[in-house]
Amino acid sequence: MPRSRVLRRVALRLAGAVFVLWAVATLTFFAIHLVPGDPAQAILGGPGSQASQEALDRVRADYGLDQPLLVQYAAMLGRLLSGDLGDSYALKTPVAGLIGGQILGTLVLALLALVVAWVLAVALALWSTSAGRAGRAIAGGLELTAAALPHFWLATVLIAVFSTALGWLPPVSNDAASGLVLPVVTLAVPLAGFLAQLMREQMLQALEEPFAVSAAARGETAAGLRFRHALRHAALPAINLSGWAVGYLISGAVVVETVFARPGLGRTLLRATELRDVPVVVGVVLVVALVYVLMTIATDVVSRLADPRTTHSGGAT
Amino acid sequence: MSDLELSNRAVSGRALPRPPRVGTMLALAFVAYLIVATAWPAVLQPYDPDAIAPRDAFDPPSPAHWFGTDESGRDVYSRVVEGTAASLLIGVSATAIGLALGLLLGALAGLGGRVLDFAVGRVNEVLFAFPGILLALLIIVLWGPGPVTATIAVGLSTAPGYARIIRGELVRVRGSSYVEAARVLGHGRGRVLLRHILPNALAPITVLATLGIGQAVVWASALSYLGLGAQPPAAEWGAMLAAGRTYITTAWWLTVFPGLMIVLTTITTTVLGRVLAARDGAAR
Amino acid sequence: MSSRRSIRSLPALALVASGAILLAGCAPSDGDAAATGEPVEGGTLVYASGDAEPTCLDPHVGGNYPQALIAGQFLESLVSLDEDGEVIPWLATQWTASDDGLTWDFTLRDDVSFTDGTPLNAEAVKVNVEHLQNPDTQSSTGYLALGKVASVEAVSDTVARFHLTVPDSALLESLSQPWTAIESPAGIARGMDENCAAPIGTGPFVVDGWVPQDHVSLVRNDDYDSGPADRAHEGAAYLDGIEWRFIPDSASRYAALQAGEVDVIDNAQPDTLDQASKTGTLVEIDAPRPGASNRIELNSGQAPFDDVRVREAFIRAVDVNDGIDALFFGTAARSFSVLSSVEPLAYSDDALFGTDLDAAEALLDEAGWTERDADGIRSKDGVPLTLRFPVSTNQSIPAEQSLFEQVQATAKQAGFDVQLEPVDLSSWYGALAAHEYELVSAPYTKVGPDVLRILYHSDSITPAPSGYFANLAQLDDPDLDALLTAAASESDPDARASLYEQAQQIILGGFYALPLYDQQNHFLHSPKLQGARAMPTVSTPTFADAWLAD
Amino acid sequence: MSAGTAALSPPRTDGPGPVLEVTGLSISFSEGRRRRDVVHDIDLAVAPGRCVAVVGESGSGKSVTARALLGLAGRTARVHAERLSVAGADLRNADERAWRRVRGASAGLVLQDALVSLDPLRTIGREIADPLRIHLRMPPAEARARALELLELVGMPHPALAIDRRSGELSGGMRQRALIAAALALDPPLLIADEPTTALDVGVQARVLGLLEEARDRGTGVLLISHDLAVVSRVADHVVVLHDGRVVEQGPAAEILGAPRHPITRALIAAVPTDVPRGEALSRAAAADPEPPVAPSAPSADGTAAAGGRRPVEAAPAEAPPMSADPRVARDAEAPVLEGFGLAKSFGSGATAVHAVADASFRLHRGRTLGLVGESGSGKSTLARLVLGLTPPDAGEVRLDGGAWSTLVERDRRPLRPRIGAVYQDALGSFDPRWSVRRILRDALGAARMPASDAAVAALLEQVHLSPELAARHPLALSGGQRQRVAIARALAGSPGILVCDEPVSALDATVQARVLDLFDELQRKHGLAILLISHDLGVIRHMSDTIAVMRSGRIIEQGDADRVFTSPQHEATAALIRDSPRLVPRAPGTNR
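Protein chains in written order, with full-length UniProt numbering: chain A, 1 to 317; chain B, 1 to 284; chain C, 1 to 550; chain D, 1 to 593.
Among the hints, a few may not be true.
[What the hints assert, rightly or not] Covered stretches of chain A, as calculated for chain D (at least 3 residues, CB under 8 Å):
(1) 197–211
(2) 220–228
[What the hints assert, rightly or not] On the chain A side, residues computed to face chain C include the following (Cβ under 7 Å):
(3) 55
(4) 91
(5) 164
(6) 259
(7) 267
[Unchecked claim] If you anchor each label on the Cβ, the simulated ranges turn out as follows:
(8) D:579 with B:24: 57 to 63 Å
(9) A:131 with B:24: 17 to 23 Å
(10) A:134 with D:467: 45 to 51 Å
Since the hints were derived computationally from the structure, they do not count as laboratory data.
C-beta: ideal position from N, C-alpha, C; glycine also.
Okay, chain A solo, but in the shape it has when bound (with noise of 0.2 Å):
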């Protein structure tokens, strides 16, 4: 596939990805406007405040949200043209400062999971391709099981063995690299169990094909095999499966940065949650939607300099 069309569709991905950002904007800022629920109680100190009546109108003209609706819209995807996801109603600062600071924990980790949880994926799929039936049956159980694991679940366990019984790891994040190993271990375990289904069974049908026949017929080592052939066709659909799995690890980041007590959007978004601080969460769904939107365009590219059959068509739908 020639350059040309890769950076075409790159950039045609990109549109795709501005148009679904609006959307997600749109779609949000709707949703909650025509919800009940005054904000300017939840900036008040949020629901139980005693404030007044005039604190509230300030709050109201203060944050424009006695304007209507189609204004305050148009308002916001103006902010948002510069880059401004508006203030919190908590916190009052800025939401996009406040992200900033926070989705770097956020991305580290859901990354490491990645790389973590395609190493457990690569190393199974070898392994179980070359062991026998048993080996296969369990391995296919490992796979399963990882793939039912809840996050939390696994974290308590985690925490209940390596850090309270055997005390080898921190049960919190801490600034030492030992503090990310259960947390990333924690979202990379499932994670790894769908890929290693995924991959073993890519790897057997490769490894029937014919051209693994002819490969044989060549002299080539199973090992060979496994590495030169079978791997890069069993990666190709993990690959397109990455985009998805970056979405789930961020889902997965808020459960486990809760448990862990790690800093990072996860948390962010679920405190706003509990405090209905609507800007925040809007801001982070904007963000992760973004970083989903980049994570697919990204893998649709490899997927397909990886592989030059355009047969496979990567994006949505």
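Using the hints provided, position chains B, C and D relative to the given structure of chain A.
Leaving out everything else, chains B, C and D in the frame of chain A:
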């Protein structure tokens, strides 16, 4: 937010092969158990799940209490059984919502011609851009927490995946040579749609549903854990887990056993989904 | 998620009348800790809070307990209380009130300056009070605490004169609270955003940085020498600094303490306290909150609890003693008073709360709730005896929610249909505002018996714009109102005490509330940490005299 | 001989020994508890510079044998042999390492369908260099250079470019060349070619066979596995006929192909349509008929019975042929039942537009067959779709029975559709996967407004010589031939005047294909069907067609009477097509050199 690609292959016959017979048997057995637990919980409950006995609080697992007792001295096993209905209900209805919406979108895209297909494709991208829990949290911000919201949230977040798969199936079948053959025989569009396209394209729905329920249960329980789904004292697994987690240092059984049920349920649905997939994979 | 205290103390009000404060559990464990070994310089303390992370570190803004917890480390008040509850000097060395009680002169220390170099003077006090009273500050607790202060006048550099609208015998206690602590005028002048991020005070530590969702880092104020009169040592703190972390998950928090990742945790769960005391590896600080006890209010404003017989029947029917023992592992004692056990004027009458199912049944029959359905639920004229019990999952720790489940179970025997409704905070306030409850639990942090006025004076039935109101029992009794008003302005201790006793007899005797136990406030720390204590004011921890032994 | 193999073949005094020696080879697969024997006691020997062909129909065990010779029969296979040596290396109980030493070094393997036989994700350069890297540890640069040489050797166009291409980017012929190049990389003494030319256009087919011949002439021993006797007859010196895993006959190519003794062999040979006159039945009573017995034997249609006797062609007595004494004159007088005028169809637009069909015209008469032949991509199938009214032509018109057809809107066309029946290459794919044979046929009858009774279904099955019991079956449970017959029965449901058959037999084994072709003949006689037969196989076309249209890149380059086209092709492309298409010509051993 079940594993798209996997269900996709499960559906498109490139399936993950049929699980070993033993696994299938075990899965079926567990399903039977779940059904009993849902329909006639009393049959399986040695104790009244709501009977308070503060003096017997925090008893570890024993012959008397297989899963131990909780902070109010209630029998954890009986409560786990009691919770089956609630937990499955959430999982099932979430999947139903997701499938219904997925069907709608998928059908529009797969049968509605280029424009609709494009439109739905974009809609799908938008929905995909709210990964799982985020969509859930957003919905919860809007409508407040609770089992219903959680169910809807999980359902919505699974819809685009289903939509994509169903559209793919519809397109595949529409292009199949047996549909062409039917046209050559002189059948009208409507008849071809009803007799060939829909029956074949929608066959995998059972598979999707089965695979989906397990994952739906997991995500719903995650919301319960975050205190945004079902709440204690509701004997819903996620809620039980969340409540039990407080006592993890002193009473591990409060956390471990409900979690185990969730894991087993998910494994079971996956195994059965595979079996079904292998079945109609063979029929293709 | 244990943001309960934060929220529950959102409406925490200023304390009025003086009242001695004991630090119950604090004495034994902490006392020992303080006694042993020689103080060691240096080291950074890691504190893990289970409370919600403040949205603003300036306790003037809003004013809730999480703010009080951390503000105590870098802000100081004009006065404090000693362990006997006597008012003692802090930033103010002495104070005098005029005979009519309408003007108070506070003499300030002349050798103290804020950590930004601004000197502490009368003008600064003036600015702080004005800051608290400015609506833009959105102060809740502090604002109400100074409700009777008309203005402050800087008589001289060191003398600040408070002009009151009416006599307020609780002014000193009001000023002893973290929510009215004194901040640098220059700091306040920076505007809310900056001041929220790092308020500037005179305290032993200085806010160095704030990583949201993670921690606030505090460093030692080397020039510090302005501790309260009961401080254990002169001069700057021993610790280099404090890393103030937020770990909402209680299990993780305890695990972190066990693993030595942190040195102190708050909101320690009952089971972990039990475990800690058994193993003896950790030290506990038990500092029950002042103010009201944890209790279940019975909404007397509407049927069925507008009938005293039904209220008594309910209280006779439920049995919580075993539940409290089991759920709190003996860390919480059953209370029979609406006031905290640390309140000397607390009036307690266990006779009123004896469980007696037959008596309950009799009362209900007498009240006409005679029909019973298959489940044994009573009804009257076809109306079932249903009690809606909204529970805020943000405010009630799991143990408490479990206890409510037990209340539900025991009440059912008498024929009550208690409907537990676990909801999130806003739904909870929604239910209260709409009077859609018969039972509710909303403890209240505040020093002194004046809390009774907040909770049971009929004025507290009228809601704020947000729909919030404090008198959840909707107790509307002119006699009680009179007693409470009188007590608030009564300066003679004995007269005052009797007034409050009569008031409490009315409340308890009328079966408006079911007391459970004190507001739990447990800290756990590693034995390394010594010299830490809870302030006698609102039981927040202070580390001005603490050190980390090695 | 390359270093790799020299090491393997021990010095021999008594001339060059055979590069492959197999005696008593038996292969069985374990299915669960049971074992299924697929190959029984086979003997094979290939001498250097000779080509041995193993022929047989699918299921005869020839491919398994080929793989077993390289120890690639698969996990579940159990292989036993009294003697099994490749290039002098005894492999009877060789371990994986021993096998690997042989694979690629002493024996190269060429599989059919290079699209899937080359790793679609690797460049052919790397694929070809594999054996060099594996066996000689040749450094990449060197290996690449050698790969380039090999690509030149196999006549790959622009090797320098092709070497960095992946199989997906190459044509079928180029792929096959690459595959052969990889197999020959170490110039192994033995080359095993498993159906190397299947699914290739005749032109490419010829060139690939040429490569095998060259290799053989360079002294490589070639073991050719094929179902296509025509192919075999071109290159093989020695032929081994397999049936049900047993050798039924073997010997010099000339003898086997010229004077077959065993009925299986005879059936196979007779089934090759090439040069068998129009109307003459191809199928003969084979010893083991994979299909269920069909209608009872009757006297043969014509006198020219070959040894072994032909299986009679049902209900086609010479005394009452539907065609008149001089059919052509008579029928050309009639109006054509199907006509196409200047048909054109292109896909895409602008510069990238593909002109699938351009200015194609044809006429089809009642009771006659128009054979449409051409290489893949020449537009045959598009033309078929135009004729079936599945896609509207960009230009031109198809007329049915002198009336409008392609110009009609679908609603008006629908009632006429039963007049044209269609038969596709992939019969199974053309059946709804959930339907039984009965439902399929009823559906077809219903579409034609015919009574969809069980009787009618049975009658249809009868017509295609299938027993009515099959009605209950699912197409999956039928053999290839049976499926194609069901497809034909479906096409006949509306008792159409015209059949459009797109590659109806190319997926079938020779003898099955023969019977299906005979069925077409028979039905045509019976119902006076007009048949538009599309095929890439000149043999089939020539045997079946009265008139022939040759398509090339969308155009009909030549059209006319079948014999005339074959005997004196006007267009050089037609000539090449005929030249390249393999014909079954018994050839004395070694006459090629």
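Comparing the hints with the structure gives:
no. : hint                         : in the structure
1   : 197–211                      : holds (count 3)
2   : 220–228                      : holds (count 5)
3   : 55                           : 6 Å, holds
4   : 91                           : 5 Å, holds
5   : 164                          : 5 Å, holds
6   : 259                          : 5 Å, holds
7   : 267                          : 5 Å, holds
8   : D:579 with B:24: 57 to 63 Å  : 59 Å, holds
9   : A:131 with B:24: 17 to 23 Å  : 22 Å, holds
10  : A:134 with D:467: 45 to 51 Å : 46 Å, holds
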